[in-house]
Each structure stands twice: as C-alpha cells, then as structure tokens.
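**Student:** Take a look at the letters that make up each chain.
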Amino acid sequence: MSSSPTILEMRSITKEFPGVKALSNVSLTVRAGEIHAICGENGAGKSTLMKVLSGVYPFGTYEGDIVFQGSEVRFRDIRSSEQTGIVIIHQELALIPELSITENIFLGNEPGRGGVIDWKDAKKRAIELLARVGLKDDPDSLIKNIGVGKQQLVEIAKALNKSVKLLILDEPTAALNENDSQHLLDLIRGLKSKGIASIMISHKLNEIEQVADSITIIRDGRSIETLNVKEDGVNEDRIIRGMVGRDLESRFPEHTPKIGEVFFEVRNWTVQHPLISDRLVCKDESLFVRRGEIVGIAGLMGAGRTELAMSIFGRSYGTYVSGTIIKDGKEIVLKNAGDAIDHGLAYVSEDRKVLGLNLLDDIKRSTVSAKLKKISKRDVVDEVKEYEISDAYRKSLRIKTPTVNEGVGKLSGGNQQKVVLAKWMFTDPDLLILDEPTRGIDVGAKFEIYGIIQKLADEGKGVIVISSELPELLGISDRIYTVFEGAITNDIPAAEADPETLMKSMTSAKKKVLS
Amino acid sequence: MTQITEAPKKSGGIRDLGKMFGSGSGAKQLGILGALVVIIIIFQVWTGGLTLTPGNLIALVSQYSYILILAIGMVMVIIAGHIDLSVGSVAAFSGIVVASLMQNFNVPWPVAIVLGLVVGALIGAWQGFWVAYVGVPAFIVTLAGMLIFRGGNQFIGNANSVAVPKEFQFIGAGYLPEVGPDTGYNNLTLLLGLVVIVAIVWREFSARRTQAEMGSDMAPLWVSLVKIAGLVIVTGYATYLFSSGRVGTSFPISGIILGVLVLLYSFVTRNTIFGRHIYAVGGNSHAAELSGVNSRRVNFFVMMNMSVLASLAGMIFVARSTASGPQDGLNWELDAIAAVFIGGAAVAGGVGTVTGSIIGGLVMAVLNNGLQLVGVPSDRVQIIKGLVLLAAVAIDVWNKSQGRPSITGFLTRKRTGGALTTETPPVPRVQDDTNALEPTVGASETNRPSSVTPNN
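Sequence lines, in order, name chains S and D. In the working numbering, each residue carries its 1-based index in the first sequence increased by 171. In the working numbering, each residue carries its 1-based index in the second sequence increased by 134.
It should be emphasised that the hints constitute simulated quantities derived from the structure, not laboratory data. Positions of the beta carbon are idealized from the N, C-alpha and C atoms, including for glycine. Heads up, a few of these hints could be off.
[Said to hold, decoys possible] According to the in silico footprint, chain D covers these stretches of chain S (three or more CB under 8 Å from chain D):
| no. | region |
| --- | --- |
| 1 | 216-229 |
| 2 | 287-294 |
| 3 | 527-536 |
| 4 | 554-567 |
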C-alpha cells in the first residue's frame, strides 16, 4: 500500500436519529496529502459522516472514534474541529453577501486587539490568502458582486487562514460552470502538493476520477469499500457499481400498467434561472406522458429536475423563455399555479413542509385547500362536505390520525405526505407530478405511497415521478428520462434500464451516451 | 399498519367542557374569554359594583366600538402576515374629509358616509398596491401612511377642528330609540336581546346537527345545555342593563354596527374561500401559491379592507365627539394591534380569529375603564396595559414552545395532564425551518427552489 502516513481515521462510526440509523459502523481512512473522494447516492449518509467529522454533531451524539494525526479527538462544535485543522466547506456557502471579501475571510476570526479589528493587517493578509487561491479581486469587493466560482475560492481562502490540514468539500462544483470547476479542481491539487489533504463529496464522477487518489463508497449508511484509484484502475463504471447494487425485491407492489395514448407533451422547454439571467435551468427539454403511464425523471441534485417540474406547473420557478405544453392535442398556456390546477395538473413538491403544506392548518382544511371552489357555493365553503371528503381520504389513504380535525403539523412525515397526496387527488388531476414523493418516509409508508401512485395511473392519469433513489425509479416507473445539467440526456423504458446505464446518463451530456 | 391506537381520547366529566367552543381555534378563545370574565368580576368587586351599571356599560361600548372595529380589520392583516400602523391616521383623515364635505359643501350625511368609505377604499388600494404588487413591507408602507394621512388631516382641516351636523352624530352618539309602550325599559334593546338569545340557541343546535352529520366527536348534550344556559344568562343580564339606562340612552348604534361587522367578518374569515386564502397566505405563502392562491390579490384586499374599516371607525369617532380634530385617532393602531395579539393571533401570521380579537379588545377596554373608575392615574393605566399585553403574548409563546395550544392549554394544564395534548411534539413553525429552500426575494416574479444567495 501507499507509504504516506494516515492523517485521519474514523472507526466504526454509528449515528442514529430518532427512528433512523443514518450511519452504521462506517469507517474512513484518509492518508496525509491525498484527495479522498466519498461517493454514494443521495441520502446514503455522506453529509452525515462529514457533519460528525466536523463537529456539527458533537462528541457523544454518535458512537465510534475519530483519530486525527495520531491522537483521538472529541469535537464539541465546528470551532473545535477548526482549531484542530479540519475545515468543512458546505455546499451552501457560509458567506455573507453584504460583507466584503476581507470581512468574510476573517469572520469569527478577526485579527486585532481588545475587540478592535486591525483592518490594515486583515487586508494585507487577505491579499496574501487570495493570491494563494489564485484570486486577483479587490479584497474590498462585496461577496454578492463576485461569481459563485470566486465565492468558492474565498471559502477556501478562509479555510487557509485557519491553517487547515484537512479540507472537506461538500459538492464543491455543483453550482459551478466548466471553467470554474476546472480552476477549483486545479487548486485542490495545488493544495495537495503543499501537504493539505482533502475529502471531497461529489456527484460528478468524471471529476472524481480525475482528481481523487482514493475513493470510499457509502451505501445505506454503511461504508462498502475503499478503492485506490491508481492501483485498482478505477473508472466511472466501477464507482457506479459500488454506489447502486442492492436488491429491488418486494419493495414495490405488484403492478401491471395499462398504458394508453400520449396525452401530455412538453416541447423545447427552456427556462432561465430566476436571478441569473445568463444561466439556463432547462435547456430545450422535450418530454411526453401517456395515459396510465408512470414516467420517472432521474437526475442528480442540482440537475434541474425540480426546476423542470415547477416551471411546467404554471411557471412556478424561473423565468419562462420558450417552449410549449400540449395537453389532449391542444396547446395550453399556464401562467400560474391556478391555471395549472384548472388544466388538470398537480404538483406534489419536494419539500412538503416548505412548499406543500400550511403546517398551522388542520387535516380537513389542508385536504381541500387546492380546489376550494369544488366544495363551495357562491364562495362559501361547505364545511360538512369538507369533513366528509377529507375523512374519506383519511380512510382510503390510511392516514393515521384520530380525526381530520388534527393539525397537519402533528403528523409523521409519511402521513403528512399522504395529506399532500390527498390534497392533489382532490383536484381531479389528469397529470400528477410527484417530486421526491417518498423523501424522509419510512419503508412501510413508502410501499403504501407506491400503491397509491400505481392506482392513480390505473385510473388513466399520467404520473411523473422525480426521485433521487434509482431503485425507486426503476421499481415504480414504466419509462425513465435522465436529466443532466438542465437537459434531458436519455429516455429509457424501465424494463431495459439498470442503475449503471441511468447513472451514466445522469452524469454526462448526451453526446457521450448516444455515441 | 392498521393500528390507530393513539391514546384513546379521554372524555366525560370536566374534559367535555373543553369541547364547549369546539376544537382547535374555538378552544383557544375559551382561555381569553375566561380571562375577560375574571377581569370583569375583579373590577366589579374593586369598584364596588360600578363596572356593571347601565351607564358605565353603555359608555364602554360607545367608547371602544371604533377600536374593536379596527381590530376586526387588523386581525385579518395580521393573519396574512402583515401589520397596519396607519389606521389611526387613516381614520383621522377620512373623518376630516367627511366633516369638511358636510360643513363646507353641504353634502348630505348619508352621501358623506359613502364618500368616507370610498376615501378609505382609495387609501387602502394605495397601501395595498405597495404591499402586494411592489413588495414593500407593510410595516414601512403603513408607517409612511401614518405620516402622510396624519399630515393630510391637518392640511385639510388647517390643524383645526371641523364640527359635524347633528344628524350625522347618530352613528357615533346615537342609541336605539324609544318605541312602543312604556315598559320602563328600552323596548328595542329588549327585542335585540331576545333575538340574540334565540340565535344562540338555534346556532348551538344547528352546530350539533352538523356535527352529528359529520359523525365527529360531539360533546354530550349537557355540555351544550350548560353553554346555552350560561350564554343566555349573560345576554339576558346585559340586555337588562342596556335597556334600563338613563332615559334617552340604550344600546348604542355604534355597538350595533360593531355587532353586524363581527358577524359578517367572522363568517368571511371562517367560511369563505377568500377567508381561507388569508390563512393560507399567512401560514405558508409558498405553499398557498403552489395551491393556486393568488397571494398578491389576497394581500391587496386585506390591506384595502383595513383602510375601509379605519375610515368607518374614524367617522363613528367624529360623530361621537361632534367634530373632527387634528389629534383624532392618535395611537389607535396600538390599541387595535394589542387587541389582536391578546386575542391569540401570531406575530408570524397564519393564526388568529375575529372573535378572539374582539374579546382581546374587550379585555383592554374593561381594564382601561375599570382602572379609570377606581381612580388610577392614566400614566399607571398605560403601564398596566403594557404589562398585560406582554403577559398575554408571553403565555401564548411559552405555551407554543411547550406544544400546547395557547392560553387554553395553560388554564387547563393541570386538569388534562397526561391527556392527548401533552403527548404531541411542538408544532414546527415554518419560519424556523433553516432548511428552507427559499431565497425570499420579496415579490420578484417567480423563483422557487435552490438558494441563490447562499449564506448558510
């Protein structure tokens, strides 16, 4: 094996949340001066592991040992891990947009005496640090005025200021374009040559293949294997095999699809980012759905799945640029969510607490909230009907609650999701778009929700399911689209798809796959 | 998968009393209503019986009806997640406009009232435009409005008072007239009391019928009867007091206007689509928009409605004080806002009821009135009112953090210990969700997920 000494060893880390074992006996060994990638599907436990390492989850809330530079460490918080030389850079950057580069670099670590900051010194040091990461910007520029790529570099400069020995990067290139990504990867390699080790979490397997020295694969909260890139001759396929491979048996109800004609089509759909006008979140995407068909959309986080769904659903995301929607042979224009509902679309959002439900409301009011007109006469809501309808859904979807008068905030995740489903079933949709319908839900409830989805399809509705879990998509869908960086890269019947082919289309542009 | 064996709901005995005002928001009002009763009894004793006399009660209603009218509009604004600081100035502005129209242009008083409401609607449209369509926070818009319309009042009236004609004063200083045989009481007030009693009985039984239809958990009959008996006694006693006042006085006209508005707006907020949309927007505006709610329209109309009610309150005040002056409506916004929060509304929006706010307003009114009756100087009255507001909301906040439903939970805590309420975890507030995807960029066209201003 490699001769360089071990800098970090995490031994048998187990971390439990109420009801869920997020990490189970995970081990990780990082050698001095290497770039170590951690790969796994969304929800496999990568971020949890990094939060344990960086002290976000303090010592005592997990089981297992962390040995850093030969001695056992017990972090109380992020501050204590930083003092030891472990710095984490989160996917969502921790910079304050209204402050300058200098102010951000020294935030919480200000040079000076007696609470008075020595700005002259700070600025001098900021310029040095910026030079080390290859940034030539004025240290007085405000963070909001520099691009995301440069912000990422400022984060690294901030880490260097804390005399970092081990840098953790969570999806560092997710928000960056090709050029900025390349620059960042070069920088990480430069740091390596100066003896700074890095742990990198990324979904972009080509980048990992390019820069990583070794790779640890995590699946379902367990560390599966650690690969040495050079010695083991690792390529993307090899990583994907490690990331997926699990049995799909009996996690899905038996189902024979009854697929009809194409009734819903989206053509050349192009949408701009709401704030950054030169960034397209949907690039000329086209798709169609047949009656009775369950269509999956596979893509990694940030690939533009949610953006696609929400922009179709009454332009609820981004700025519409071009494209048409055709339903039952006629072009329809949906300018807001109300239009979309009136035309028989339903969107079950990815985040039920933020976008799906009013947590202050009770079950019966939530159930009818997306189409109050249906149970109203002259704008007056019929409360008896409201009760009867929501109670019927309570029974048919088996929402576990004593009565529908309970607040939705008190329900478990699975039951909240059923209320959201009821809410959209009540609107009598022809097309349901389900964005991560089983996120944060236990296995039993998942099975029930799959059953509901299949039943809706059997009623002749079209269903689009967006999911980060490939086994789920393969188990539930009849056909799967893959999305990569805002473009549809493949359209595969589920029977012919397997996790490897999907993952390939999800991590690279069209031309590679189809060549 | 099939067991729904949550702790079986304990029922029977005293716990059924909790169902007297229904579940959920109805139960919430029980606590504050209890507080009102306690305060009334305290002052009745402290003032040696002066609180519940015909004269004092009549004065109380005509003195506070306009604040309570403001509270109706304010609770809707606060449920939607906004605030309106301009109501006092708007009331003063409409008051002076109406007074000047009648004084200087001889506009007949009914026309003047309509014009006053139109002025309110225009002001409300102006403020609603900035709040709903431009996205300026209501705090700022109405702070500006507070200055603008206070100045407007003094500009139009040259910082002087403008008297209003006798007929107009009816809406603020008038009483139900004497009609029919001389019974020693005001006959119309007696009739009004009778109508209210019949309505109470009818409502309770129709509510029971609805509950039976829905097959929902219903309180036993004796609870309904106790409730009816209690309400009938209170109404009957109030009717007796109001009708036996000094000759020429009886139930105030402004009180009747208030009563009609309370009924109307309770219905609107509870039972109409628009009412539901106000709660939806205030509770979670993103979820509301994705459910097809036009949140801008809701915000616009809520702000507009507030100014219309403020104008009405201003006119009633002017009518009562026989002239419109430059200091009218000073600090009214604070009384209205206090009433709403004592009545159980949430600062973050999404929670509150019209009835709760009215009871909250009455708590403040009785407190004010009682303290004056026992001769507490006004400086100390203010201190006490401030402390009461703080205490009421603090109890509410504390209860929420304990996962209990507001003041009721506090009052019934000991008795229901171990019952269903204590087992439920605190309701997570949407506002506290640090994982929120939203970049909260005001009202800019459309932008939903994925943070674009990434700072934590």
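**Student:** Any hints this thing doesn't respect? Which numbers, in order?
**Tutor:** 1, 2
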